[in-house]
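Visitor: The residues making up each chain are set out below.
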Amino acid sequence: KQEVTQIPAALSVPEGENLVLNCSFTDSAIYNLQWFRQDPGKGLTSLLLIQSSQREQTSGRLNASLDKSSGRSTLYIAASQPGDSATYLCAVRGRAGNMLTFGGGTRLMVKP
Amino acid sequence: SQTIHQWPATLVQPVGSPLSLECTVEGTSNPNLYWYRQAAGRGLQLLFYSVGIGQISSEVPQNLSASRPQDRQFILSSKKLLLSDSGFYLCAWSVSLSGGYNEQFFGPGTRLTVL
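Protein sequence lines, in the order shown, are assigned to chains A and B. Position 7 of the first sequence, counting from 1, maps to -9 under the working numbering, and the rest follow consecutively. Position 73 of the second sequence, counting from 1, maps to 155 under the working numbering, and the rest follow consecutively.
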């Protein structure tokens, strides 16, 4: 059974710092990995999708990498801003079906 | 462009009462549809998913059920709510494209409190 872990569970940084969020998964037989952002009381916003054949994806100040063989992904946020404060979730899609398995999330606070 | 709607946004129900949450998707055809629950202090749990009208798969045995009466409509129901059904319910959709591409998009959610 696939298990997804995100470390740290919470992170507080001053504005302007570059930061890395980590995601690990136990079964490397995945189709893709997706990073989401969730603001308090809101739904999930898709940030980046990395196919299993890809090594990284970039969108603005966000860069996500995937090392499928070691079961790891990182989300790099450059020049963090207070507006980046949210919970970040990673999820992997296995090869059996279209379902995602989610990590517990990293709650990020960027202080002005 | 595609949009996904959920209603109601919030709901407070007594224990033992029935439940009906609705999700609709616009701007796409034959989507895969999903119901998730996010309980306080716990991660996202997949409850049901559907690949077509009338085709429902359950991931977690419980007192909830799901139905898909139309291509872009997904309904989550219960005949008798339990306290443990409280949580944030999220609907999501995706389409399966060539090469295994399948990105999920989420609705705004329904906050359910069972008293």
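To be clear, the hints were calculated from the coordinates, so they are not data collected in a lab. Fair warning: this is a prediction, and the values are worked out from it, not measured in the lab. Treat the hints with care, since some could be wrong.
[As the list claims (entries may be wrong)] Computed, partial: chain A to chain B, Cβ under 8 Å: (1) L(-5); (2) K26; (3) L84.
Virtual Cβ for every residue (Gly too), placed ideally from N, Cα, C.
Visitor: All hints, please: hold or fail.
Guide: Structure-based check of each hint:
{"no.": "1", "hint": "L(-5)", "in the structure": "violated, 17 Å"}
{"no.": "2", "hint": "K26", "in the structure": "holds, 7 Å"}
{"no.": "3", "hint": "L84", "in the structure": "holds, 6 Å"}
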